[in-house]
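*Asks:* Below, each chain spelled out in residue letters.
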Amino acid sequence: MNASKLLTTIAAACMSFSVLAISLDDAKSQGLVGETATGYLGVIKGSSEVNKLVEEVNSKRKAKYQQLAKKNGISLSQVEVMAAKKTFAKTAPGHFVKVDGKWVKK
Amino acid sequence: MKWMLTLVFAVLVSACTHKVQVETKEPITINLNVKVDHEIRVKVDKELDDLFSDDSELF
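Going down the list, the protein sequences come from chains A and B.
Under this note's numbering, think of the first position of the first sequence as 1, with each following residue one higher.
Under this note's numbering, think of the first position of the second sequence as 1001, with each following residue one higher.
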């Protein structure tokens, strides 16, 4: 009984991850969200669903950045700068990045 | 005479070793700092790569 309960929880967690990944990809390709120079996602065209997604992803990113900063003895802002460079480089053509306060299609 | 020669020699040798130590100390410390900084940069860069991998929910 307990084992199946655990399995269900794990399966549910996996499914919710994949749903989130798809909607983040969708939001990017529909031009609703983009990468900012701070290392976090920005909202281009907001809705309650998009805002919630961005908030969720950004808080998870921040937790990871903080963990990385602590582990390597550097500041959070140093990690954020490195992360921003990385996300800009990884952003696919057709998706948006924010340069000098303006949204630009890559 | 022999004693004095030994003494002078000892002073010369010790003076030389001291000079060498002082001169080599600084560059080594600086090089080490640069190396550590670079290593951390590479390490964090790699971990960010993993964080933003294709199947990641965060990118």
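For the record, the hints were derived by calculation from the structure and aren't laboratory data.
There's no promise every hint is true.
Straight-line Cα separation of at most 30 Å, DSBU-like style, residue types lysine-lysine; simulated pairs [unchecked claim]:
(1) A:K5 - A:K85
(2) A:K71 - A:K105
(3) A:K45 - A:K106
(4) A:K102 - B:K1046
(5) B:K1043 - A:K98
(6) B:K1002 - A:K85
(7) B:K1046 - A:K28
(8) B:K1046 - A:K71
(9) B:K1046 - A:K86
(10) B:K1043 - A:K86
(11) A:K105 - A:K90
(12) A:K90 - B:K1002
(13) A:K85 - A:K98
(14) B:K1002 - A:K106
(15) A:K5 - B:K1043
(16) A:K28 - A:K98
(17) A:K64 - B:K1043
(18) A:K71 - A:K45
(19) A:K62 - A:K102
(20) A:K98 - A:K45
(21) A:K102 - B:K1002
(22) A:K5 - A:K45
(23) A:K60 - B:K1043
(24) A:K5 - A:K28
(25) A:K64 - B:K1002
(26) A:K62 - B:K1002
(27) B:K1046 - A:K90
(28) B:K1046 - A:K106
(29) A:K60 - A:K102
(30) A:K71 - A:K5
(31) A:K28 - B:K1043
*Asks:* Each hint should be assessed against the structure and marked as holding or not.
*Replies:* Taking the hints in turn, this is what the structure says about them:
no.	hint	result
1	A:K5 - A:K85	42 Å, violated
2	A:K71 - A:K105	35 Å, violated
3	A:K45 - A:K106	17 Å, holds
4	A:K102 - B:K1046	29 Å, holds
5	B:K1043 - A:K98	26 Å, holds
6	B:K1002 - A:K85	71 Å, violated
7	B:K1046 - A:K28	24 Å, holds
8	B:K1046 - A:K71	14 Å, holds
9	B:K1046 - A:K86	10 Å, holds
10	B:K1043 - A:K86	13 Å, holds
11	A:K105 - A:K90	13 Å, holds
12	A:K90 - B:K1002	76 Å, violated
13	A:K85 - A:K98	12 Å, holds
14	B:K1002 - A:K106	83 Å, violated
15	A:K5 - B:K1043	38 Å, violated
16	A:K28 - A:K98	13 Å, holds
17	A:K64 - B:K1043	14 Å, holds
18	A:K71 - A:K45	36 Å, violated
19	A:K62 - A:K102	23 Å, holds
20	A:K98 - A:K45	13 Å, holds
21	A:K102 - B:K1002	85 Å, violated
22	A:K5 - A:K45	39 Å, violated
23	A:K60 - B:K1043	20 Å, holds
24	A:K5 - A:K28	35 Å, violated
25	A:K64 - B:K1002	72 Å, violated
26	A:K62 - B:K1002	75 Å, violated
27	B:K1046 - A:K90	13 Å, holds
28	B:K1046 - A:K106	24 Å, holds
29	A:K60 - A:K102	25 Å, holds
30	A:K71 - A:K5	35 Å, violated
31	A:K28 - B:K1043	28 Å, holds
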